[in-house]
Amino acid sequence: MNGRKWSRFNIVSVTLGFAFLYLPIVLLVIYSFNASRLVTVWAGFSTKWYVALLTDTAMQNAAWVTLRVALISASVATVLGTMAAIALVRYTRFRGRLLFSAMIYAPLVMPDVIIGLSLLLLFVAVGLDRGFFTIVLAHITFSMCFVAVVVQSRLLTFDRSLEEAAMDLGAPPVKTFFLITLPIIMPAVVSGWMLAFTLSLDDLVVASFASGPGATTLPMKIYSQVRLGVTPEINAVCTILIAIVTTGVVIASIVNKRREVRRLRDEQAARRG
Amino acid sequence: MPSLGSIRRSFAPWNDAAAKPYIAFENVTKKFGDFTAVDKLSLAIYEREFFALLGASGCGKSTLLRMLAGFEEPSAGRILLDGQDLAGIPPYRRPVNMMFQSYALFPHMTVEQNIAFGLKQDRMPKAEIAERVASMLKLVRLGEFARRKPHQLSGGQRQRVALARSLAKRPKVLLLDEPLGALDKKLREETQFELMDLQHELGLTFIVVTHDQEEAMTMADRIAIMDKGEVMQVATPADIYEAPATRFVADFVGTVNLFEGKVADMSGDAGRILGADGFGLRVDNLAGAKNGARAWFAVRPEKIAISAVKPADEGLNAIEGEVWDIAYLGDMTIYHVRLEDGRIVRTSSVNSRRASDEQLTWHDRAWISFRPDAGIVLTR
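Sequence order for the protein chains is A and B.
Each residue of the first sequence is one higher than the one before, counting from 126 in the numbering used here.
Each residue of the second sequence is one higher than the one before, counting from 1284 in the numbering used here.
Some hints could be false.
Restricting the straight-line Cα-Cα distance to at most 30 Å, the calculated cross-link-like pairs of lysine-lysine (DSSO-like) are [what the hints assert, rightly or not]:
1. B:Lys-1573 / B:Lys-1586
2. B:Lys-1409 / B:Lys-1421
3. B:Lys-1403 / A:Lys-300
4. B:Lys-1511 / B:Lys-1455
5. B:Lys-1469 / B:Lys-1586
6. B:Lys-1511 / A:Lys-382
7. A:Lys-300 / B:Lys-1421
8. A:Lys-300 / B:Lys-1409
9. B:Lys-1455 / A:Lys-300
10. B:Lys-1468 / B:Lys-1409
11. B:Lys-1455 / B:Lys-1421
12. B:Lys-1432 / A:Lys-300
13. B:Lys-1455 / B:Lys-1303
14. B:Lys-1409 / B:Lys-1323
Some chain B residues judged to face chain A by a derived CB distance under 8 Å, without partners named [to be verified]:
15. Ser-1293
16. Ala-1352
17. Phe-1354
18. Gly-1371
19. Pro-1378
20. Met-1381
21. Phe-1389
22. Asp-1405
23. Gln-1435
24. Gly-1537
Calculated directly from the structure, the hints in this document are not laboratory data.
What you are looking at is a predicted structure, and each value in this text was computed from that prediction instead of being measured.
Note that the Cβ used here is the ideal one computed from N, Cα and C, for glycine as well.
The shape of chain A in the complex, shown without the other chains:
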């Protein structure tokens, strides 16, 4: 870090890059504290839009729906995605494995509109009433692939002899999975869950297709309100969302960093004797 002087080019490119990324967000946060009803005119500092949120039950309901959808779909997707990853990595000799593993990646690159539309057609075809349940189903469908990909990459470097050692010492396969495999791949499973959770939180397109009357997620609510004009209240909701996400990311990276540092220190100590 020290020593090398910052060249003018570096300073400019860093400034531009960060400005590009964060200027819109900063503006949004600032205007959430705007006293004026007009979004683009600054009329002094106020927290009244946050207060207004407290009484806006429609917005609160939407937030509550989003949270429940995200929690349920992320958890189910994590279980299914982990199982799929294990099948793909472990059972290398079943028929159609290549097709199956390619198909796991498809929803990652498929446009949300297509996923949403095809799910809508399916729900209509089987006569499923659209609402909370169908949004959860839809979110499980696409986030499960992301979990599978994350867990799969961890499993590829997993030392199989650990499982063999556990079985050799008397643990049947299922017990081996829960005592050895799962604890070791847990960090990947947790990242998969977090990925699925955030994907579900900010999904608008698929949810719009899959939802019906009575079940509106926060992104859907925000989008429909913005069509009637951006209010500072929306800015306030978004600011709260940003705060939650930022806190989560910061905590996760601090925990990770600490673990890494401790591990390095231990390994150095072990090498010394």
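Based on the hints, put chain B in the right spot on chain A.
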């Protein structure tokens, strides 16, 4: 330990016709697709034996071990342990334990928890587990490291944890897959003797897989030399070295000079092996060979003497050549002598005196000589 030596010497159940093998491989074949890893192999291993499977990588020795542990099922043939057929018994119900090459220590558990893992699977009472773990830790001298995780240990310590964990359940047979492969040379040599003492103390049957012949020679009661899924020879280390059955075994273990020729002038067990150049080696252990048959006389480098002048003894085989290469190793010196026909003969002589007055150097004329019984006649 003089007593250990005498017990070792008298331990030879494989020579006792009444002794029953503890582990028996009967015509075992293992195929992976088109590849035959183990080919109609039969092998008998006795109780309390320290048995080594020695071979290059890919020779099937690890597959053999994995079949005994239950990770692979034989494609054909059967494996018996104490008279019981192991077919269909999963690894977690077999009375054998394995020490893995990578150690396979559970990274999320402490040393204690690693060692206790197998005991917990057996639902042993807590107090007993604690007691057993403590005694295992004492056995491998790791008491103070009980609460550490594997990544906080050095390579040698990890190896000892792996050993303690595989011994904790008091298995009837301990399988060791390249147990010392990851250790440096000095530590490896120390650990070899520790393993031998441990095996003797606990009275267990050890089967070790290794590609390191020195390791096998040091530790094992008997060695099976394997190649391409087949056992080439099973014998004690001394027999493997001094009486190899085939050229492959002779060449695989240690260094050997092979003199090829046809058997001639047989009278009793003595006779000659005539080389292509017409030179006849005098040999006196031709038992089993036939006049005119192709044979190889295999002589170890240390059984060949090297001198600047032709030895006076007419009974010796003496060949003249040129000193081609010299490797001074401190305790001994290795000479490569080039014969008239271009063949290189390797000799080694122990440097028992600090400085020899008779110094051979590069491109000197030299005589190599060996007794007619210095080698062994091989027909395969």
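**Prompt:** Hey, Lys-1511 of chain B versus Lys-382 of chain A, does the alpha-carbon distance stay inside 30 Å?
**Reply:** 49 Å, violated
**Message:** Lys-1455 of chain B and Lys-1303 of chain B were given as a pair; does the straight-line alpha-carbon distance stay at or below 30 Å?
**Reply:** 15 Å, holds
**Satisfaction of hint between Lys-300 of chain A and Lys-1403 of chain B, Cα-Cα up to 30 Å** = Cα-Cα ~12 Å, so holds.
**Message:** For the restraint on Phe-1389 of chain B, tell me whether the closest CB of chain A is nearer than 8 Å.
**Reply:** 6 Å, holds
**Message:** Please verify whether Lys-1469 of chain B and Lys-1586 of chain B have alpha carbons no more than 30 Å apart.
**Reply:** Given that 30 Å is the threshold and the Cα spacing comes to 28 Å, the pair holds.
**Asked** Does Gly-1537 of chain B meet its interface restraint, that is, does its C-beta lie within less than 8 Å of any C-beta in chain A?
**Response** 32 Å, violated
**Asked** Keeping to a limit of 30 Å between CA atoms, is the pair of Lys-300 of chain A and Lys-1409 of chain B held or broken?
**Response** 19 Å, holds
**Message:** Against the 30 Å threshold, does the CA-CA distance of Lys-1455 of chain B and Lys-1421 of chain B hold or violate the hint?
**Reply:** 21 Å, holds
**Message:** Does the closest beta carbon of chain A sit nearer than 8 Å to the beta carbon of Ala-1352 of chain B?
**Reply:** Nearest chain A Cβ about 6 Å off; hint holds.
**Message:** Does Asp-1405 of chain B hold up as a contact with chain A if the rule is Cβ-Cβ below 8 Å?
**Reply:** OK, holds: Asp-1405 of chain B within 8 Å of chain A, min 6 Å.
**Asked** Lys-1432 of chain B and Lys-300 of chain A: Cα distance at most 30 Å?
**Response** Roughly 21 Å separates the two Cα atoms, so the pair holds.
**Message:** Using the nearest Cβ pair, does Gly-1371 of chain B come within less than 8 Å of chain A?
**Reply:** Result: violated, 15 Å to nearest chain A Cβ.
In this structure, the hints that do not hold are numbers 6, 10, 14, 15, 18, 19 and 24, in rising order.
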